[in-house]
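Asker: For reference, the chains in residue letters:
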Amino acid sequence: MSLDLNNIRKDFPALQRETAAGVPLVYLDSTATSQKPLAVIEAMNYFYRHSNANIHRGVHTLAEEATALYEGAREKVAAFINAPSARQVIYTRNTTESINLVAHTWARANLKAGERILLTEMEHHSNLVPWQILQAERGVELDFIPVTEDGLLDLNAYKTLLARTPKLVAFTQMSNVLGTINPAAEMIRLAHQAGAITLVDGAQSVPHFRVDVQALDADFLAFSAHKMCGPTGVGVLYGKEDLLESMPPFLGGGDMIKEVKLRSFKPNSLPYKFEAGTPAIAEAVGLGAAVDYLTEVGMDRIAAHEREITEYALERLEEIPGVKLFGPSADKKGGVAAFTLEGVHPHDVAQILDRDGIAVRAGHHCAQPLHEKFGIPATSRASFYLYNTKAEVDLLVNGIYKVKELFG
Amino acid sequence: MDDLYREIIIERYKNPSHRGRLDPHDIQFADNNPLCGDHIEITLRTAADGTIEDARFEGHGCAISQASADLLLDSVIGKPLEDVKRLNKQDVLDLLGIELGPVRLKCALLSLKVLKAGAYGLGEASDELVE
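Protein sequence lines, in the order shown, are assigned to chains A and B.
Under this note's numbering, the first residue of the first sequence is numbered 589, with each subsequent residue one higher.
Under this note's numbering, the first residue of the second sequence is numbered 221, with each subsequent residue one higher.
Don't read these hints as lab results, they were simulated from the structure.
Source: prediction; values computed, not measured.
One thing to keep in mind: the hints can contain errors.
To be verified - Quick list of in silico lysine-lysine cross-link-like pairs, DSSO-like style, CA-CA up to 30 Å:
{"id": "1", "chain 1": "B", "residue 1": "K234", "chain 2": "A", "residue 2": "K961"}
{"id": "2", "chain 1": "A", "residue 1": "K990", "chain 2": "A", "residue 2": "K978"}
{"id": "3", "chain 1": "B", "residue 1": "K305", "chain 2": "B", "residue 2": "K234"}
{"id": "4", "chain 1": "A", "residue 1": "K700", "chain 2": "A", "residue 2": "K598"}
{"id": "5", "chain 1": "A", "residue 1": "K747", "chain 2": "A", "residue 2": "K854"}
{"id": "6", "chain 1": "A", "residue 1": "K920", "chain 2": "A", "residue 2": "K755"}
{"id": "7", "chain 1": "B", "residue 1": "K305", "chain 2": "B", "residue 2": "K326"}
{"id": "8", "chain 1": "A", "residue 1": "K828", "chain 2": "A", "residue 2": "K755"}
{"id": "9", "chain 1": "B", "residue 1": "K234", "chain 2": "A", "residue 2": "K990"}
{"id": "10", "chain 1": "A", "residue 1": "K990", "chain 2": "B", "residue 2": "K326"}
{"id": "11", "chain 1": "B", "residue 1": "K305", "chain 2": "A", "residue 2": "K992"}
{"id": "12", "chain 1": "B", "residue 1": "K309", "chain 2": "B", "residue 2": "K299"}
{"id": "13", "chain 1": "B", "residue 1": "K326", "chain 2": "B", "residue 2": "K299"}
{"id": "14", "chain 1": "A", "residue 1": "K990", "chain 2": "A", "residue 2": "K912"}
{"id": "15", "chain 1": "A", "residue 1": "K961", "chain 2": "B", "residue 2": "K326"}
{"id": "16", "chain 1": "A", "residue 1": "K912", "chain 2": "B", "residue 2": "K299"}
{"id": "17", "chain 1": "A", "residue 1": "K664", "chain 2": "A", "residue 2": "K846"}
{"id": "18", "chain 1": "A", "residue 1": "K664", "chain 2": "A", "residue 2": "K912"}
{"id": "19", "chain 1": "B", "residue 1": "K305", "chain 2": "A", "residue 2": "K912"}
{"id": "20", "chain 1": "A", "residue 1": "K978", "chain 2": "A", "residue 2": "K747"}
{"id": "21", "chain 1": "A", "residue 1": "K846", "chain 2": "A", "residue 2": "K920"}
{"id": "22", "chain 1": "A", "residue 1": "K992", "chain 2": "B", "residue 2": "K299"}
{"id": "23", "chain 1": "A", "residue 1": "K700", "chain 2": "A", "residue 2": "K664"}
{"id": "24", "chain 1": "A", "residue 1": "K920", "chain 2": "A", "residue 2": "K961"}
If we strip away everything but chain A, and leave its shape as in the complex, we get (with noise of 0.2 Å):
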């Protein structure tokens, strides 16, 4: 069955605005972060409202409402994505600190010098700078998947590059540029071959489609809430039990710990030897409701609904004369379009559609070496959700009809 986009776009309060008098809000720019249902908004509202109060700490009724509903978002993230236990379910600021906190945890505890990480050439720069900031402070050696013509990660030269015995094998789930879905089992299956551990970076794929950490049999899943109709300021950081049980703490602080000296600390258990601090309560109850939203829609149906908008859209996209998309075909990708207007720089296309209401991204995106690979400095990225519909595709074209207009 398919998605009743009327009833799902009236769930979302922000697209019922108007970007100027008379022009509605096109908002096609959830790959950098999806609008917000009011289920999320009124979860987070009602938190400040009623059960505001530290977690895990005070034995007041407010505190321990808080400290339930904080851990019972964990334990919805954990059925979500398949985790055994949401002792497993750790939760960070975002995926970019996800991963940092693997690079500066498990990597700083296991890499040597000389040892081997292997990245792609479509990573986001957050899963290319925190490893080159180990190679520099550490001396591991960095690898990379190339990335072919059409958008797709070369697995011949994958399987040639794990030979060099990688220690770890990081890679995204899906391309927030050119859309790529990576063959992340199969790819798993390979690294574990190898005697390689793996990280996936869930960012794109999580929010689209279901993820589903034990059939991957991922060692590490990192994805951020705000990108899953979830508020900004809280990601989760999914880790096998015995890495998470082996890793040295992260940011060292009030909860993290089971007992503080004054010389020395014993870690708290898992997850909370990785939460120092007090964390994002709000947020992390926000990201339940998001996470119970998205469970109810259904993500097969959500990833069917991206699927039609996506082919639909690239179709119509490739009937512009002069424009240039990047990406494998629509079914190898989620629903994200990256493409050039010849003669017209990117930000001048998205200022130009920006008239019209239609918010689509500028630049390259966090992944300039990719754009470099494909020798552009910047692309325009049209991306899309449970809520986007075909009619806002069409909008999109004549806008593009319009820049070329303009720039005539």
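Go by the hints and put chain B onto chain A.
Answerer: The following block gives chain B in isolation, referenced to the frame of chain A:
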């Protein structure tokens, strides 16, 4: 908003008067806008009395960044190099004849930043030059 793409800006973007590279030159400076990837290089030649004899820019970026570079060079060629040091944000906006939000302002001011850093003989361009 329509003003942002005034005819003069589109025209300068498509058919700039001062695009290229001067060789030999007395001053050369380049910088980019990391947010957008806009890039501007300016080369400039001065006469014995310190006036700007000729100047050219090379680079890529949005219409605003490229048109403002062209208009800026138009306005300084033939003037004393010392005058360039006194130019500010408003001078560029006056040349463009538009108002800009904070994001696009960086595009518009890149060429002034490059020009002033070159005029002062700085090693690195700073945003303070165009405040």
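Asker: Which hint numbers does the structure go against, in order from smallest to largest?
Answerer: Of the numbered hints, 4, 5, 11, 16, 18, 19, 20, 21, 22 and 23 do not hold.
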